[in-house]
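With these hints in hand, go ahead and build the complete structure from the sequences.
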Amino acid sequence: METMVTHRVKLTPECLEVDGQRVAEAVAGESFLMQLYRKYGMGYPKFFKMDVLCRVGFIASELLLAAEGGERFVPRADRAVILFNRNTSLHADRSFQATIADAEDFYPSPSVFVYTLPNIVTGEIAIRNKYHGESEFILLPEKSETAMNQAVERALMDKETTSVLAGWVEALSEEEYEAEMELVSS
Amino acid sequence: MIIRKIGENILSPISFTTEENLAAVMAGRSALRRYDSLWGLPFPCFASLIPDDLLESAFESDVEKGRLLMDSYTKFEKVVLLSAVKALDSCKIDATSERVVFILSSTKGNVGLLADENPDVERVTPAHTARMVARYFGNPNMPITVSNACISGLCAQIEAFRCLRSGQYDTAVVIGADVLSPFIVAGFQSLKALSDEQCRPFSANRKGLNLGEAAATVVYTVDDAAEDGWRMLAGAVRNDANHISGPSRTGEGSYRALCSVLDDSGLTADDLACLNVHGTSTLYNDEMESIAINRAGLSGVPVNAMKGYFGHTLGAAGILETLLTMRALENGKVPATRGFDELGVSMPVQVSAEHLDTGKKAFVKLLSGFGGCNAAAAFVKV
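As given, the protein sequences belong to chains A and B, one line each in that order. Counting in my numbering, the first sequence runs from 1 upward without gaps. Counting in my numbering, the second sequence runs from 187 upward without gaps.
Simulated from the structure, these hints should not be mistaken for laboratory data. Because the structure is a prediction, the values reported are computed rather than measured. Any given hint could turn out to be false.
To be verified - Computed spacing ranges between beta-carbons, pair by pair:
1) A:E68 / B:S352: 22 to 32 Å
2) B:D410 / A:P110: 46 to 56 Å
3) A:E68 / B:D410: 34 to 44 Å
Yeah, the Cβ is synthetic: ideal placement off N, Cα and C, and Gly gets one too.
Written out as structure tokens, the structure is:
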């Protein structure tokens, strides 16, 4: 299958690259994710409820879609969101585990539990952008461009799907994360 | 291109064989029971758990010790491996072939390990378990693990379908599994999603879902010479784009997924023996499904749900429920929705507390999950 990558974004705790160009670097102070959220005026209050995996995926997707340009937030079903990592929702899992570890101090929180699924980040991106197409989270034992490309090609076999927002999103903590996301068209 | 089912296994608290699980469904039996304080949790729940001793003895007798690469195995790892071993015994494929891919479906894998004092964090991800299983069988390919909330088991089958359709592989071994832990039970309780009684899908007095443990495996292969057997015809995944933990009021994603598989498969409402739905027995899920079913023009098709027998088996559900629907239809039956009494959703759906006779051999499987995701797939026996 012939596919074309139209835009790409790379986000780490140190810097942001869009289409291969370094466009922002972290400065001392609040977290780089918050710096980017403010710098690009994202104005999306749900961001503050998100866990770190969703925040990383959300910021990366916003910058990727800004690079694409064109009209946004129009309902569509022709774009899939397929994201990958190795460690699933480990950061949220540890946060939730901390709320149930002590029988004397047992306070399981639904707002933490809901983020203990890795595919929530695909849902956050679908909600933000009104994407009714396919959404899926795939776990790989290691980061593999080949495995990710094959999954994107499989997603494009759906006859309604003409493009895929795809990429690796791993977030072990507020200081340790990586997103490499791209838009792929058939 | 024909994608045919050639192997299977269901490993549930009732039995570790598909046949005995089917027999239990047809006899209306379940392993769901009330626990006043499961694992010391400060609330009662109604759940279905795989007995550790039965699992241990089956693992000892059926798994080849010489192939095991780790010193000890968690319950999750045991059910995944044992179900795969049993399914591959049923079809005798060469799992060492580079034309075979392993696909795992799980929502939470080994998350229970996080309760350990010094958890083996590397092992928490189901991707670790998937690689362990592929290595056990000597398979050379990187396994695919789908973790897409409650629709994972259908997504994994759809991935298999596409892996075969694209020519990338000839055979796919699709395993779905989850086991329960205080993490999962306390989480669902915090969402107020659990019932402390038998779950009652689509009923007026439904109070929530029951959780259950299971593993299930289905093996699909490309078989253009197939004359009979179950075929997967189509699959689709769609998002509500509405809310991360509540279903759409319009059943948007489920409606779109249903329309897509009907269109792709060429099946019509008249062809379908049943629509095997998610039917978790939460207020919102069952209501949403009734809306999606009606929007898709399927209000006249018998609807059934398996959660009343096995509970919500999470990553196993899509495979377990697909396999049991296949086997029941082979016997000319649409299984009863166990726990159902009086219809309690706003749109008409044909749910029955009794098994129905049918001569039809096609069905659609539907699931929905957190993250706004929905999946549907169509199957037919020829």
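Numbers of the earlier hints that this structure fails to satisfy, in rising order: Going through the list in order, the structure violates no hint and respects every one.
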